[in-house]
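Participant: Given these sequences and hints, build the entire structure.
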Amino acid sequence: MTEIKQLNWQRDNFENIEEAWEGDLWERQRLGIQLTNYVDRLQCGAVLALDARWGEGKTWFVRHWAKYLDDTQHNVIYLDAFANDYLDDPFLVIASEIAAKLDKTAKNKPLVHKFKKAAAVMQQGLLTLAPTLIASVISCALTGGIIPLIKIDSEKIADKLDDAIDKVTDNIGEKVTEAIQSKIDSYEEEKNSVYAFKQTLAQLAESLDKPLVFIIDELDRCRPDFAIRLIERIKHFFDIPKIVFVLVMDKSQFSKIVCHNYGYDETLGEEYLDKFVDFTVRLNSLSPDLIDNLKINIFNIFEHLGIDLNHQNLDGCIELIDFYVGEKELSKRAISKLASQFALLYSDSFDSYKNQLLIMFLLNPTFLLKSNTSLELLKTLLDQMDNYIQSNKDDFEKYHGENYRADTHTTVLMRKANFFQEELGILIFIQLVEYYEQLVNSQKKFSAISVRNLRPTNNTDFHSGWKNYIFGGI
Numbered sequence: 000m001t002e003i004k005q006l007n008w009q010r011d012n013f014e015n016i017e018e019a020w021e022g023d024l025w026e027r028q029r030l031g032i033q034l035t036n037y038v039d040r041l042q043c044g045a046v047l048a049l050d051a052r053w054g055e056g057k058t059w060f061v062r063h064w065a066k067y068l069d070d071t072q073h074n075v076i077y078l079d080a081f082a083n084d085y086l087d088d089p090f091l092v093i094a095s096e097i098a099a100k101l102d103k104t105a106k107n108k109p110l111v112h113k114f115k116k117a118a119a120v121m122q123q124g125l126l127t128l129a130p131t132l133i134a135s136v137i138s139c140a141l142t143g144g145i146i147p148l149i150k151i152d153s154e155k156i157a158d159k160l161d162d163a164i165d166k167v168t169d170n171i172g173e174k175v176t177e178a179i180q181s182k183i184d185s186y187e188e189e190k191n192s193v194y195a196f197k198q199t200l201a202q203l204a205e206s207l208d209k210p211l212v213f214i215i216d217e218l219d220r221c222r223p224d225f226a227i228r229l230i231e232r233i234k235h236f237f238d239i240p241k242i243v244f245v246l247v248m249d250k251s252q253f254s255k256i257v258c259h260n261y262g263y264d265e266t267l268g269e270e271y272l273d274k275f276v277d278f279t280v281r282l283n284s285l286s287p288d289l290i291d292n293l294k295i296n297i298f299n300i301f302e303h304l305g306i307d308l309n310h311q312n313l314d315g316c317i318e319l320i321d322f323y324v325g326e327k328e329l330s331k332r333a334i335s336k337l338a339s340q341f342a343l344l345y346s347d348s349f350d351s352y353k354n355q356l357l358i359m360f361l362l363n364p365t366f367l368l369k370s371n372t373s374l375e376l377l378k379t380l381l382d383q384m385d386n387y388i389q390s391n392k393d394d395f396e397k398y399h400g401e402n403y404r405a406d407t408h409t410t411v412l413m414r415k416a417n418f419f420q421e422e423l424g425i426l427i428f429i430q431l432v433e434y435y436e437q438l439v440n441s442q443k444k445f446s447a448i449s450v451r452n453l454r455p456t457n458n459t460d461f462h463s464g465w466k467n468y469i470f471g472g473i
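Under numbering that gives the first Met the number 0, think of the first position of the sequence shown as 0, with each following residue one higher.
Keep in mind the hints are simulated off the structure, nothing from the lab.
Being a predicted model, the structure only gives us computed values, none of them experimental.
Misleading hints may appear alongside valid ones.
Stated by the list, open to error - Pairwise CB distance ranges, derived in the manner of DEER restraints: (1) Tyr194 x Tyr263: 27 to 35 Å; (2) Arg281 x Cys43: 16 to 24 Å; (3) Arg40 x Phe81: 39 to 47 Å; (4) Arg40 x Lys234: 43 to 51 Å; (5) Tyr194 x Leu41: 22 to 30 Å; (6) Ala201 x Thr279: 20 to 28 Å; (7) Ala119 x Leu41: 39 to 47 Å; (8) Ala99 x His310: 50 to 58 Å; (9) Tyr263 x Ser346: 23 to 31 Å; (10) Lys378 x Glu18: 46 to 54 Å.
As the list claims (entries may be wrong) - Calculated cross-link-like contacts (lysine-lysine; reagent style DSSO-like; alpha-carbon spacing at most 30 Å): (11) Lys100 x Lys234; (12) Lys255 x Lys378; (13) Lys255 x Lys116.
Virtual Cβ for every residue (Gly too), placed ideally from N, Cα, C.
Facilitator: Printed below as a string of structure tokens:
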């Protein structure tokens, strides 16, 4: 009876992490400890950005770092910005999270109560006659509700200004006018309330043994106006000693959000963001220390799904995946997705070349449109690997060597030797099949002989079958 391999579809349970850094395939613990030491030395407030592409493990890292901080008696808050962007103003979210945390940990409870009151006063001031409401009412009043905004020719502003003011005064109504006047009259009072809020928060932070770390995740996924207002609120109201904010995002994507929201040129988006961020930590997909263990990590990911890459019918697959990790700069999520798709589609009856082709299909579906046979695909793979191996030495070292170490050159040569060995195996197999096909075409009696399960008929069926699946589904 054939043994059925069990698939282990693991799901991260971030709400109940029992041990920090458990399952740390990508060796993020060292970065977490470094950041903790940095935070502990800070004598001022700070805003850090944790930058990585989607799928490179940002949430995994900050969740486990938060657990580590909690285990080491730090005050830590984790906030999913995407889950809270239904709110108009993030000030209340930030203040409420801080109040809830300090309610449990701060020794000076009366000061926490005072902070809550100060936050309530601040929130009331922020909500009173919000700018968007004023703009909406004024524009409707000026145009009778026909268009939302009025344009005045820049050359005729002086002539039209008095008329515009009269129209606004006549149409926006007594209540809105009174609200605006009240806002002007209470300006000094609001300045004092901001000062009182920040002073109270500063006193609370000063009373803490260790800095408060406030991690804000999913900034690049939440509503753009909410995300931008959130970082602005942090800078204006929460820039306090011993409070460290960590903004988790794909910085390039977030910069595009800023550009779209403000109409900036794309080159200015990151400059605008840097006004609010003290420094950025790049969460590299492949750190130098990880390179030596890259194959081990790929093995572990596939092993979770019941696939043993050491099996003879998967010979060469680890080198192929290793190659694509560097060539395509695959993230952890991309490798996991590949493993899941591969587990669904592969069969123990496939030989090693069929399994390598399957990996090619999954990572390069467009190859199926360019090649009519699996043999042509193998030739494409051979060219692709050869171009990659002969690429710039620095680029190759980035993914397949240990940067900044004396043995880098040796490590790179060893990895290149592995790729060349894989190339040689593919090349020999291609030659073997081509010779075989020549024999079959000359004498049909040879068609009964199988060459590594890739006879011309099987070859075509295998190729067309996966093309139909990948572009059309099961």
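Participant: Each hint needs a verdict: does it hold in this structure or not?
Facilitator: Status of each hint after checking the structure:
no., hint, in the structure
1, Tyr194 x Tyr263: 27 to 35 Å, "holds, 32 Å"
2, Arg281 x Cys43: 16 to 24 Å, "holds, 22 Å"
3, Arg40 x Phe81: 39 to 47 Å, "violated, 31 Å"
4, Arg40 x Lys234: 43 to 51 Å, "violated, 22 Å"
5, Tyr194 x Leu41: 22 to 30 Å, "holds, 23 Å"
6, Ala201 x Thr279: 20 to 28 Å, "holds, 26 Å"
7, Ala119 x Leu41: 39 to 47 Å, "violated, 29 Å"
8, Ala99 x His310: 50 to 58 Å, "holds, 51 Å"
9, Tyr263 x Ser346: 23 to 31 Å, "violated, 52 Å"
10, Lys378 x Glu18: 46 to 54 Å, "holds, 48 Å"
11, Lys100 x Lys234, "holds, 20 Å"
12, Lys255 x Lys378, "violated, 39 Å"
13, Lys255 x Lys116, "violated, 37 Å"
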